[in-house]
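Peer 1: Below, each chain spelled out in residue letters.
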Amino acid sequence: MNAAVLLAAEDAGQAGADLGPELQAARLLIEQSESRFSRFLPASELTRLNASAGDWHAVSRDLLDLLQQSRDFMEETGGLFDPSILGDLRRAGYDRSLDEIRKDGVEPAAGPRPSQRPDFRQVEIDSERGRGRLPSGMAIDLGGIAKGWIVEKAAQLLSSQTTACAVSAGGDIVCVGYPVEDGNWRVSIEDPRDSTQSVAEVRMGPGAIVTSSVAKRSWKQAGVLRHHLIDPRTGEPATTDWLSVTVVAPRIATAEVYAKALLIGGEARAPQLAAQRPEITYYAVAPDGTVAQNPHRVEYMNALRQVINQ
Amino acid sequence: MWIGGTSVFTFLVGLAMLAHAPKPVQPNSSSSQYQAVAVGPPLQTLAPLAPLDFSGYFQDAGSQVSQFNIQEPPTAVPQPQIVVQQPASVDPQQASTGKKKGKAGKQQSGASGSGSGGGSGGGALTTGGS
Numbered sequence: 000m001n002a003a004v005l006l007a008a009e010d011a012g013q014a015g016a017d018l019g020p021e022l023q024a025a026r027l028l029i030e031q032s033e034s035r036f037s038r039f040l041p042a043s044e045l046t047r048l049n050a051s052a053g054d055w056h057a058v059s060r061d062l063l064d065l066l067q068q069s070r071d072f073m074e075e076t077g078g079l080f081d082p083s084i085l086g087d088l089r090r091a092g093y094d095r096s097l098d099e100i101r102k103d104g105v106e107p108a109a110g111p112r113p114s115q116r117p118d119f120r121q122v123e124i125d126s127e128r129g130r131g132r133l134p135s136g137m138a139i140d141l142g143g144i145a146k147g148w149i150v151e152k153a154a155q156l157l158s159s160q161t162t163a164c165a166v167s168a169g170g171d172i173v174c175v176g177y178p179v180e181d182g183n184w185r186v187s188i189e190d191p192r193d194s195t196q197s198v199a200e201v202r203m204g205p206g207a208i209v210t211s212s213v214a215k216r217s218w219k220q221a222g223v224l225r226h227h228l229i230d231p232r233t234g235e236p237a238t239t240d241w242l243s244v245t246v247v248a249p250r251i252a253t254a255e256v257y258a259k260a261l262l263i264g265g266e267a268r269a270p271q272l273a274a275q276r277p278e279i280t281y282y283a284v285a286p287d288g289t290v291a292q293n294p295h296r297v298e299y300m301n302a303l304r305q306v307i308n309q
Numbered sequence: 000m001w002i003g004g005t006s007v008f009t010f011l012v013g014l015a016m017l018a019h020a021p022k023p024v025q026p027n028s029s030s031s032q033y034q035a036v037a038v039g040p041p042l043q044t045l046a047p048l049a050p051l052d053f054s055g056y057f058q059d060a061g062s063q064v065s066q067f068n069i070q071e072p073p074t075a076v077p078q079p080q081i082v083v084q085q086p087a088s089v090d091p092q093q094a095s096t097g098k099k100k101g102k103a104g105k106q107q108s109g110a111s112g113s114g115s116g117g118g119s120g121g122g123a124l125t126t127g128g129s
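Protein chains in written order, with numbering that gives the first Met the number 0: chain G, 0 to 309; chain Y, 0 to 129.
Hints were generated in silico from the structure; no laboratory data involved. Where hints are given, some of them may not hold.
Stated by the list, open to error - Reference excerpt, derived from the structure (chain Y facing chain G, CB under 8 Å, subset only): (1) 124; (2) 125; (3) 126; (4) 127; (5) 128.
The C-beta atom is built at its ideal place from N, Cα and C for all residues, glycine as well.
One chain only, chain G, in its complex shape (with noise of 0.2 Å):
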């Protein structure tokens, strides 16, 4: 995943409980998790599922869980949620992991986007014998995805044997029960114009959130600054009218999912995205810095007051 991976949990109910078999058996499912649905590693289950683009493919069931996610929220965000943006990602240069990137360069886009592409909806499920079907000529990246599923198992895995923990993989955070010292999480919004500095700190109770940012992984191609948030509608890097999206939903998909899609669709669509989705919380950080939070929330909220004073 190329982030940094934090755990931390706390047994409110066992002073002194040694919580490392329970930190070591998640760190455990983070490293499995990550070698199935990484594009990098040659022998990963995505990678052989790309390489079998056209022919139907046994594939597990968490991975057609996944597929099936993906395409229930690209129909969701109307096409602003896209993971067969692979064939782009490559074009504008994210063919190797950032690392490789940023020490070797990259070369200049190959061709423009081809004007004839397959639709992610047509992608297939058979459910029942365990397999799918990528249409010819698809290749598909998960990081939008699937970073929130391995997160959320992790910190399944740690709930069980724990009263509060808080799993986070490249700041895309769950959150669960309550921290006994202030009985809320906080959390940092990075300022994306400096890693080092916060813009704001959210506090929330059980929940995941996660942010997307155009100004985290970037690189040059051919001297132009590129990033790794294609615009499903252009296969380039999206020109969006913020820096970063945090979204604090009830579940870390739906998170990861509508921060890309409020970045990427920006003012324009925000309003309609969010209000299809009551239950999500978002903070968008301009280039200067000012922060604005959706005001759907606001309103929800104040509805919600109402209905509970009555």
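Once you have looked at the hints, place chain Y on chain G.
Peer 2: Coordinates of chain Y only, in the frame set by chain G:
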């Protein structure tokens, strides 16, 4: 005549009750406006609400539909709030994603609150995009 009179009386009473009933509050529908908040003094946060509990996180595993359980958590938990703070130097011990690869396993036993990546317990988590 008696029935008719009773009906008219009942109707008038109901009309009077409706006229004096509290009016529903219409939410502000201007969703196209954004509250841009400048970095500066702390925001005025929302007034306290009955907390929404996301502890059904794993109880409804497999479903993307969130379920709000309006109940008291172990301690009073505010809604997701944002506190805008002045840019300041960040404790280098605080978790900073992308800089400590593979670092994991800060365990705490019934003491500290939020997880911390590098230093002593009680530090905030950080989300910064990836």
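Peer 1: Which of the numbered hints above does this structure break?
Peer 2: none
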